[in-house]
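Novice: Working from the sequences, and respecting the hints, build out all of it.
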Amino acid sequence: MLELQNVSFTVAEESAEKEIVRELSLTIPDGKFVVITGPNGGGKSTLAKLIAGIEKPTAGKILFRGEDITALGITERARKGIAYAFQQPVRFKGIRVLDLIRLAAGKQLTVADACEYLSGVGLCARDYIDREVNASLSGGELKRIEIATVLARGAALSIFDEPEAGIDLWSFQNLIEAFRRMRQTITGGSILIISHQERILSIADEIVVLKDGKIDRQGARDEILPSLIGTSSAVQECRVGQKGGAVC
Amino acid sequence: MLNLNEIQLRILREVADLHKVPEGAYNIRANSQSAGRQSSANIEITPKSDVSGLDIHIKPNTKNESVHIPVVMTESGLKELVYNDFYIGENADVLIVAGCGIDNCGTQDSQHDGIHRFFVGKNAKIRYVEKHYGSGDGKGKRILNPVTEVYQEAGSVVEMEMVQIKGVDDTERTTVAELAENAKLIVRERLMTHGEQRAISTYTVTLNGEGASADVVSRSVARDHSFQKFNAKIVGNAACHGHTECDSIIMDEGRILAVPGLEANNVDAELVHEAAIGKIAGEQLIKLMTLGLTESEAEEQIINGFLQ
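Sequences listed follow chains A and B, in order. Under our numbering, the first sequence has 147 at position 147, and the numbering climbs by one with no breaks. Convert by adding 248 to the 1-based position in the second sequence; the result is the number in our numbering.
Quick caveat, the hints were computed from the structure, so don't treat them as lab data. All values reported here derive from a predicted model rather than from experimental measurement. One thing to keep in mind: the hints can contain errors.
[Unchecked claim] Capping the alpha-carbon separation at 30 Å, the derived lysine-lysine pairs in DSS-like fashion look like this:
| hint | chain 1 | residue 1 | chain 2 | residue 2 |
| --- | --- | --- | --- | --- |
| 1 | B | Lys-387 | A | Lys-93 |
| 2 | A | Lys-93 | B | Lys-414 |
| 3 | B | Lys-527 | B | Lys-379 |
| 4 | B | Lys-370 | A | Lys-93 |
| 5 | B | Lys-414 | A | Lys-107 |
| 6 | A | Lys-93 | B | Lys-379 |
| 7 | B | Lys-477 | A | Lys-93 |
Specialist: The following block contains the structure:
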């Protein structure tokens with residue numbers, strides 16, 4: 001279980017201080033699939049980074065499985081079972097897809113096992129396993145490899161920041177499948193996804209709407225989703241805007 | 249059998265990946281003496297009479313054979329200048345493994361200057377691997393100044409892999425190549441310097457024949473207070489293709505000077521250079537840390553990958 005208690009995050013902007021996240025409290029129970037949505041600039045990505053330890057809250061506490069992890073760094077949080085998929089995946093010269101998946105799994109996976117994770121995100125594993133994670137890969141390929149690294153971690157809490165961004169429609173179906181399978185394989189593991197996609201929202205257990213750094217609404221999918229349809233917080237693939245949008 | 253001590257055997261493994269006496273032709277030089285030499289039916293190794301060094305003749309059409317000529321130095325204060333000439337016959341296809349390792353536990357500098365010349369016949373193909381390695385905790389410096397000259401006849405292909413990852417205090421590497429029509433040169437240099445080390449690498453590749461091509465790529469990492477200079481020049485005198493690239497990671501107080509140079513003397517010469525120097529990207533470290541690596545483990549993974 002992940003628990004945020006009165007978490008705030010402020011940045012200095014010119015002369016003024018800007019509050020990105022304001023006294024936010026949120027609980028992600030074990031085994032739940034939670035989707036955070038809401039308008040752009042509402043603090044969603046920042047919230048994900050605060051949980052992964054990439055940003056440190058200016059106030060409040062973060063508890064993971066009952067332990068206060070507020071002061072812990074990225075590495076320690078990762079080792080405690082928090083995985084994080086970047087919105088914009090990072091490129092590495094010389095590091096192969098296989099190397100990255102092995103690092104994610106934390107063990108010497110066989111090539112066959114590593115391939116499983118790639119197949120899970122709709123990539124023909126044989127064509128990718130030995131390729132470098134560099135500029136020769138397209139944005140969509142990189143994004144899927146990024147998701148595969150999080151699958152390989154098998155973490156207690158997996159966070160995905162706009163996983164659908166840059167992914168085409170065919171693989172979008174795969175992506176939904178990958179999340180479904182992930183729920184089945186990681187017993188008690190929870191999944192936290194930041195997304196505007198109606199199709200991702202429609203497989204959530206719970207939906208949290210974040211607006212101006214605060215929780216605007218929160219509840220079971222059936223309770224929240226109907227009120228979001230037709231707004232920018234729940235868009236269909238072909239209506240997605242620039243940021244994080246699928247191209248079609 | 250070879251008469252080598254444990255340190256010398258360890259260095260041989262580092263520079264030439266040799267765990268036993270190599271198959272095929274070889275000459276192993278240890279502390280300025282030949283510790284073992286063997287020619288094969290197609291590859292003849294003979295010592296030079298006027299200066300220190302070897303003449304290596306590879307017969308035309310020799311295929312799938314290799315020549316190993318590693319050098320190890322374990323005596324402090326040794327300085328040597330060696331000339332090795334390779335004559336590669338037409339249509340041959342061979343692997344040449346050189347490399348030099350110095351273990352210096354003493355207070356005097358140890359220095360090996362090797363001058364290698366390659367005369368590559370028509371349509372011959374060689375792959376040349378040269379690794380440099382230094383070890384030992386003495387105050388004496390480990391110095392390597394290799395000079396490589398490559399003369400390629402029509403249609404020949406030369407692939408060179410130059411690696412210097414550890415322990416060499418001072419290097420000035422000079423590589424000169426001249427290519428006739430349709431000849432192809434591929435250079436992959438990997439370099440890491442640390443401590444107070446200094447490494448200078450200068451390439452001058454002249455594409456004289458129509459259809460000649462060169463691809464010179466250096467990847468390097470400068471750590472601590474080390475200094476590197478990469479000076480790569482490609483001259484196009486015909487309708488040819490030339491590409492040079494210097495891609496470097498800089499860390500700590502390291503310094504790198506990249507001086508790419510292109511000279512086109514023919515309107516159909518197509519020459520390109522790229523150079524990039526920068527520190528490890530913060531987001532690369534963060535990504536690997538989110539996989540559970542510490543910052544220094546992440547740094548090592550990034551550097552190891554970069555220098556692969």
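Novice: Each hint: holds or not?
Specialist: So, going through the hints one by one against the coordinates:
1. B:Lys-387 / A:Lys-93: Given that 30 Å is the threshold and the Cα spacing comes to 36 Å, the pair is violated.
2. A:Lys-93 / B:Lys-414: Within the cut-off at roughly 21 Å; holds.
3. B:Lys-527 / B:Lys-379: holds, 25 Å
4. B:Lys-370 / A:Lys-93: Violated. Lys-370 of chain B to Lys-93 of chain A sits at ~35 Å, over the 30 Å cutoff.
5. B:Lys-414 / A:Lys-107: holds, 27 Å
6. A:Lys-93 / B:Lys-379: Within the cut-off at roughly 22 Å; holds.
7. B:Lys-477 / A:Lys-93: holds, 21 Å
Comparing the model with each numbered hint stated earlier shows that hints 1 and 4 do not hold.
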